[in-house]
Amino acid sequence: MKVRLLAVGAAVLALAGCGGATDSAAPAESAAPEARTLTVFAAASLTDVFTELETQFERDNPGVDVVLNYGASSDLAQQLVNGGPADVFASASAATMTTVTDAGLIEGDPEVFAQNKLQIVTAPGNPENITGFADLARPDLQVVVCAPQVPCGAAAEKVEMATGITLTPVSEEPDVRSTLGRVTTGNADAGLVYVTDVASAGDTVEGIAFPEADSAVTDYPIGVLTSAPQPELAQAWTDLVTGADGQAVLTGAGFVGAP
Amino acid sequence: MTAPPVTRRVGRSEQAAVGLPRFLWIPAGLAFALIALPVVGLGLRTDWPRLPELLLSEASLDALRLSLITATCSTAICILLGGPLAVVLARGRLPGLQFLRSIVLLPLVLPPVVGGLALLYLVGRTGLVGQGLELAFGITVPFTTAAVVLAQTFVALPFLVVSLEGALRTSGQRYEAVAATLGASPALAFRRVTVPLVLPGLLSGAVLAFARCLGEFGATIAFAGSLEGTTRTLPLLVYLARESDVDAAVALSLLLVVVAILVIAIARPRTVAS
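Protein sequence lines, in the order shown, are assigned to chains A and B.
With the working numbering as the guide, the letters of the first sequence map in order to residues 9 to 267.
With the working numbering as the guide, the letters of the second sequence map in order to residues 14 to 287.
There's no promise every hint is true.
[Unchecked claim] For each label pair, taking beta carbons as the anchor points, the in silico distance ranges come out as:
no. : chain 1 : residue 1 : chain 2 : residue 2 : range
1   : A       : A131      : B       : E66       : 40 to 46 Å
2   : B       : D260      : A       : T192      : 44 to 50 Å
3   : A       : T192      : B       : P62       : 40 to 46 Å
4   : B       : E66       : A       : N77       : 30 to 36 Å
5   : A       : R146      : B       : L113      : 44 to 50 Å
6   : B       : A44       : A       : T192      : 55 to 61 Å
In short, the hints are calculated from the structure, not lab data.
Note that CB positions come from ideal geometry on N, CA and C, so glycine has one too.
Kindly produce the complete structure, drawing on both the sequences and the hints.
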């Protein structure tokens, strides 16, 4: 009997201990009424930009804590559709935003606040002497792209269609960062990633712009959720992102500003 | 000379003496629910009418075929290399054997993606061995089916080694000692006595390794890449499918669960029940 109590007690303690971290935050908030939390779900490619804007927003809105949840847009969309709590959703593709709007979760129409374009990425100094998109079809090159299921892969497919050039990649990576990683580690000669990824990789890679990238521009839409606990703050965040300050940070990171 | 019979007789009274304390049922039930219920959830979320269409697409058949072929190859390598390693670990008299054993267990505790990165930095194009392979023979390992097999073998090897080493230790060395007194060489005693004796342990280890190979994701994606028909195994396809078609991802997950249960159910109980 004693053993049973001990075992059950230990299990309960273990569960309580694991779950306690999130619960304990609630009473602290109600004690200070002016403290508010704005939850923003954002595409992973916005990490640098939104983290910078978070500082500015928290400075302009005292007592507000911005909680940023970064991830693949499709994962975030699934989390929202399955009841994930958020005030704002910023997606890296119009298609994933549609998943959320179709579920009736977005207030009004989402607004496109930035655009991204593909760029060829190679080792520093461009050792394979790649000058344009057509070079990626060269049989002597190990080329990596994103899989068509993810936005950067869909964009790559669009460029292939527009140019009539078919690539034979050695791998179709599940996200743009692992595509970039193949080139930074030297395991691939060239890859197709976003301009912003090339910018964030700094000196470890070289980016080569190509005119055909204009045929596959990726839109970044932002929207306030209908169930937002902080609708005013959500609108204020959206205004910051689409306003002059937000646009400056975005273009600084390599994004093309709002159309 | 044949191996002596190894059946042990357990009397009725001896069995009855080992009771099952009733309080164990509650945590045991919870533990089982923790494993089984998420899989039930997967079944509930499945789009059953679309299931055949989702499973019979060319991409999923390619991935299933690749998964089965690579898991079979990897398991064979696990037996060929891991079998002898288990014997050395169980029977060898070397200083530092304990340390060797903990190295062998590393893939069990490391995140698989770390294993993938480690392989990449060893046999990738800029890796220690990979650079030489490329210069001398023009061989590039990442992005090939061989890379998938290598990644799977890396993560699955400890499962075989641990199972087999356990079987070797449990069986003891009495029969081999008898064989030796009867004039059998170590090689003959190993072949005719040791191998038949630990065959169930080897089989259960191989099944575990095979199941682990089927589920391998992290090391494969980090090291081998993902290309339909070459490196995109079933777990990689599940990961990719959930980006665009969650129903397809769930259907493929269910397929993976069914294959894994089949593999374990067919080979496991026989080896444990003995």
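Honestly, do T192 of chain A and P62 of chain B meet the 40 to 46 Å range at C-beta?
-> holds, 45 Å
Do A44 of chain B and T192 of chain A keep their Cβ atoms within the hinted range of 55 to 61 Å?
-> violated, 43 Å
Per the hint of 40 to 46 Å, is the separation of the Cβ atoms of A131 of chain A and E66 of chain B within bounds?
-> holds, 43 Å
Outcome for the supplied range 44 to 50 Å, where the beta carbon pair is D260 of chain B and T192 of chain A = violated, 35 Å
In this structure, is the beta-carbon distance linking E66 of chain B and N77 of chain A contained in 30 to 36 Å?
-> With Cβ atoms ~34 Å apart, the hint holds.
R146 of chain A and L113 of chain B, beta-carbon distance inside 44 to 50 Å?
-> holds, 46 Å
In this structure, the hints that do not hold are numbers 2, 6, in rising order.
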